[in-house]
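Number of protein chains: 2
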Amino acid sequence: MKLRFRYYELHLQHTFTISRSSSNIRPSVIVEIEHDGIIGYGESAPSERYGEDKSTVTEFLKRIDLSQFSDPFELEDILCYIGNLSDGNNSAKAGIDIALHDWIGKKLNLPVWKFLGFNKSKMPSTSYTIGIDSIAMIEQKVKEAESFPILKVKVGVHDDIEIIKSIRNLTDKIIRVDANEGWKSKEEALEKILRLEEQGIELIEQPMPADDLEGTAWLRERVHIPLIADESFRYSKNLRNLHGVFDGINIKLMKCSGMREAVRAIHAAGTLNMKIMIGCMIESSVGISAAAQLSALADYVDLDGNLLIANDPFSGINVLNGKLILSDLPGLGVHSK
Amino acid sequence: MKLRFRYYELHLQHTFTISRSSSNIRPSVIVEIEHDGIIGYGESAPSERYGEDKSTVTEFLKRIDLSQFSDPFELEDILCYIGNLSDGNNSAKAGIDIALHDWIGKKLNLPVWKFLGFNKSKMPSTSYTIGIDSIAMIEQKVKEAESFPILKVKVGVHDDIEIIKSIRNLTDKIIRVDANEGWKSKEEALEKILRLEEQGIELIEQPMPADDLEGTAWLRERVHIPLIADESFRYSKNLRNLHGVFDGINIKLMKCSGMREAVRAIHAAGTLNMKIMIGCMIESSVGISAAAQLSALADYVDLDGNLLIANDPFSGINVLNGKLILSDLPGLGVHSK
Chain H
42 MKLRFRYYEL HLQHTFTISR SSSNIRPSVI VEIEHDGIIG YGESAPSERY
92 GEDKSTVTEF LKRIDLSQFS DPFELEDILC YIGNLSDGNN SAKAGIDIAL
142 HDWIGKKLNL PVWKFLGFNK SKMPSTSYTI GIDSIAMIEQ KVKEAESFPI
192 LKVKVGVHDD IEIIKSIRNL TDKIIRVDAN EGWKSKEEAL EKILRLEEQG
242 IELIEQPMPA DDLEGTAWLR ERVHIPLIAD ESFRYSKNLR NLHGVFDGIN
292 IKLMKCSGMR EAVRAIHAAG TLNMKIMIGC MIESSVGISA AAQLSALADY
342 VDLDGNLLIA NDPFSGINVL NGKLILSDLP GLGVHSK
Chain E
42 MKLRFRYYEL HLQHTFTISR SSSNIRPSVI VEIEHDGIIG YGESAPSERY
92 GEDKSTVTEF LKRIDLSQFS DPFELEDILC YIGNLSDGNN SAKAGIDIAL
142 HDWIGKKLNL PVWKFLGFNK SKMPSTSYTI GIDSIAMIEQ KVKEAESFPI
192 LKVKVGVHDD IEIIKSIRNL TDKIIRVDAN EGWKSKEEAL EKILRLEEQG
242 IELIEQPMPA DDLEGTAWLR ERVHIPLIAD ESFRYSKNLR NLHGVFDGIN
292 IKLMKCSGMR EAVRAIHAAG TLNMKIMIGC MIESSVGISA AAQLSALADY
342 VDLDGNLLIA NDPFSGINVL NGKLILSDLP GLGVHSK
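Chains as they are written, first to last, in this note's numbering: chain H, 42 to 378; chain E, 42 to 378.
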């Protein structure tokens with residue numbers, strides 16, 4: 042098996058602002074695993090929030106030696122080896138996991154969703170993300186998102202309530218609110234959520250800092266809509282601590298290390314009666330297609346990372362009225378543009 | 042997709058006695074799913090302990106209408122439909138699940154373990170089961186089990202300690218003890234386990250009645266070896282209640298409804314830091330081969346159900362010095378004799 046990778050800069054259509062940061066360009070490393078004349082594509086989209094960037098990804102990928110394995114079907118062993126190379130580097134690990142899945146699908150002449158036993162038409166509609174901005178720009182973005190039935194709105198700043206009110210004035214679509222750890226006390230979070238509930242929002246993602254599980258549990262007793270863990274949830278082993286604190290988890294391949302671990306987390310969360318959101322970073326169509334393969338198992342889908350960029354280096358996944366349309370081509374069904 | 046099934050009587054080599062019952066013949070229904078010129082084999086081995094017998098299996102299978110599905114790749118949807126047909130009937134459901142997996146492997150020309158990403162050589166050795174009997178017969182069975190490095194001994198009767206002592210006098214092999222709910226008070230269980238611990242046993246399966254989780258939790262605080270849930274654990278949804286009560290679970294395809302649910306339970310139990318045993322009923326090589334496909338993920342393997350019968354209608358899985366040898370043939374690798 043040959044492993045190659047190359048760095049891309051993903052250019053955002055709008056400056057993307059959340060409670061803790063703002064960016065115009067996001068890093069992406071496209072991974073290729075070649076074996077038996079077939080190339081599987083993967084993607085690593087690192088996030089500084091989890092201690093990763095372009096150089097941690099490329100340094101990690103350079104350490105990987107696949108010569109000890111005979112082919113990508115040895116998924117469990119390969120991913121175990123990769124997993125044991127370090128504690129973190131989960132987006133780098135996801136790049137390998139995704140490329141292996143793409144390769145297997147191509148080798149078997151099956152789309153990955155079919156290989157995994159899913160029905161591609163059972164996927165919920167994705168939300169479309171609206172970053173923090175001026176009220177005027179937010180109103181413009183709501184218009185741009187016309188074809189999407191669900192909006193996910195970033196908050197965690199001083200005018201959260203005004204942002205949501207202005208959107209609610211324009212539309213009666215489902216609104217999901219993502220605070221990205223932006224509220225610093227449980228009392229502030231409670232006050233904001235109770236006021237946001239009056240605007241008819243569906244759920245709140247990550248109201249409190251990731252480690253403040255006590256504050257989040259306190260909050261959960263007092264609010265009336267589901268609380269979804271994003272920064273508090275990285276991979277399945279976290280679930281033990283989140284049960285009873287959050288109502289659900291946002292699973293992202295780049296946080297959890299890939300599709301196989303995502304399935305593990307979906308299964309474990311289901312056992313604990315927790316809701317599943319499948320989300321993403323700013324990613325190309327490679328990463329988004331990979332996450333979308335699993336979305337038949339999701340309660341909520343938030344896979345618009347590729348739609349927010351202007352220079353997606355891949356094509357293969359489409360969106361129609363907010364619904365992701367998975368390809369019938371083998372593997373992930375993505376192609377380099 | 043065509044669904045057929047036929048009833049078999051599996052004849053035991055020795056009368057098989059556990060704490061609650063004794064039998065010479067065990068029922069098995071072999072399931073066939075035919076599509077596209079390929080036949081996938083499954084098995085339903087019903088147990089009265091879980092409200093199933095020959096007629097509940099065959100009545101359930103008659104209710105299944107697969108005409109609404111296009112092929113066995115629609116695993117998630119088919120198993121969801123089957124699951125919703127009734128609350129129980131899990132061995133009947135397992136028959137379908139196993140046949141679908143066998144079909145998919147044959148269609149893709151891949152052994153199921155490879156399709157699932159596992160390494161067939163990573164499977165732990167299986168234990169060999171010694172049922173309740175006279176001390177003289179038990180000593181004979183220990184000799185018959187010479188090639189197996191691990192013994193699983195059934196207890197839950199008046200002379201439990203004598204049984205284990207007599208085996209320990211003959212061998213220093215790993216001994217696992219299965220009480221099959223046979224001890225009726227936590228005090229009796231505690232006294233027996235503490236005495237059994239002196240004989241160097243590895244673990245205790247199901248010391249207390251399935252519903253007595255409070256008594257089991259009390260017991261767990263006082264013993265020094267792992268407690269494994271068998272009758273207390275049926276499928277992944279039970280795990281929420283068993284966490285903190287047992288150290289691990291015995292997953293059997295016939296209890297949980299098949300391979301896909303077994304993987305779900307393995308993932309969820311891992312998240313909760315619980316140990317995994319993969320076990321079986323008295324089954325032919327079809328059911329045993331199916332369970333063995335997943336055994337790379339197990340801490341303990343107890344898959345000797347086919348070795349205890351005299352008239353296995355299938356072949357395809359072998360055992361060498363206690364280690365199950367999975368076939369490299371497509372699907373489960375089993376063949377009607």
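There's no promise every hint is true.
For identical chains, the list gives no copy identity; a pair is met inside one copy or between any two copies.
SDA-like cross-link-like pairs, simulated, lysine to any residue; straight-line CA separation at most 25 angstroms [unchecked claim]:
(1) Lys161 x Lys227
(2) Lys182 x Ile105
(3) Lys378 x Ser127
(4) Lys364 x Ser111
(5) Lys161 x Leu151
(6) Lys206 x Ser162
(7) Lys278 x Leu157
(8) Lys163 x Ile105
(9) Lys214 x Thr97
(10) Lys316 x Ser127
(11) Lys163 x Ala258
(12) Lys378 x Gly129
(13) Lys278 x Asn314
(14) Lys43 x Leu53
(15) Lys316 x Gly285
(16) Lys364 x Ile202
(17) Lys278 x Arg261
(18) Lys364 x Glu117
(19) Lys225 x Glu185
It should be emphasised that the hints constitute simulated quantities derived from the structure, not laboratory data.
Okay, the hints, checked on the actual structure:
In the homo-oligomer, the alpha carbons of lysine 161 and lysine 227 never lie at most 25 angstroms apart, since the shortest distance is 40 angstroms inside one protomer and 50 angstroms across protomers. With identical chains, the CA atoms of lysine 182 and isoleucine 105 are never at most 25 angstroms apart, being 42 angstroms at best within one copy and 49 angstroms at best between copies. For a Cα distance limit of 25 angstroms, the shortest separation of lysine 378 from serine 127 qualifies neither inside one copy, at 33 angstroms, nor across copies, at 49 angstroms. In this assembly of identical chains, lysine 364 and serine 111 lie within 25 angstroms of each other by CA distance solely across copies; the values are 23 angstroms between and 38 angstroms within a copy.
For the homomeric pair lysine 161 and leucine 151, the shortest alpha-carbon distances inside one copy (13 angstroms) and between copies (23 angstroms) are both at most 25 angstroms. Taking CA atoms no more than 25 angstroms apart as the test, lysine 206 paired with serine 162 passes in neither setting, with 33 angstroms inside one copy and 60 angstroms between copies. Proximity of lysine 278 and leucine 157 under a CA criterion of 25 angstroms is satisfied in both settings, with 22 angstroms inside one chain copy and 21 angstroms between copies. In this assembly of identical chains, lysine 163 and isoleucine 105 lie within 25 angstroms of each other by CA distance solely across copies; the values are 22 angstroms between and 36 angstroms within a copy.
Within a single copy, lysine 214 and threonine 97 get their C-alpha atoms no closer than 40 angstroms, and across copies no closer than 48 angstroms, so neither meets the 25 angstroms cut-off. Taking the shortest alpha-carbon separations for lysine 316 and serine 127, only the inter-copy value of 24 angstroms comes in at or below 25 angstroms, while the best intra-copy value is 29 angstroms. Taking the closest pair of Cα atoms, lysine 163 and alanine 258 never come within 25 angstroms of each other, the shortest separation being 32 angstroms inside a single copy and 41 angstroms across copies. Proximity of lysine 378 to glycine 129 under the C-alpha cut-off of 25 angstroms is found in neither arrangement, the shortest distances being 31 angstroms within a copy and 51 angstroms between copies.
For the homomeric pair lysine 278 and asparagine 314, the shortest alpha-carbon distances inside one copy (16 angstroms) and between copies (8 angstroms) are both at most 25 angstroms. Proximity of lysine 43 to leucine 53 under the C-alpha cut-off of 25 angstroms is found in neither arrangement, the shortest distances being 31 angstroms within a copy and 52 angstroms between copies. When the C-alpha separation of lysine 316 and glycine 285 is checked against a cutoff of 25 angstroms, the pair qualifies both within a copy, at 12 angstroms, and between copies, at 23 angstroms. Taking the shortest alpha-carbon separations for lysine 364 and isoleucine 202, neither the intra-copy value of 28 angstroms nor the inter-copy value of 63 angstroms comes in at or below 25 angstroms.
Proximity of lysine 278 and arginine 261 under a CA criterion of 25 angstroms is satisfied in both settings, with 21 angstroms inside one chain copy and 23 angstroms between copies. For a Cα distance limit of 25 angstroms, the shortest separation of lysine 364 from glutamate 117 across copies, 20 angstroms, qualifies, whereas the shortest one inside one copy, 31 angstroms, does not. Taking CA atoms no more than 25 angstroms apart as the test, lysine 225 paired with glutamate 185 passes in neither setting, with 31 angstroms inside one copy and 68 angstroms between copies.
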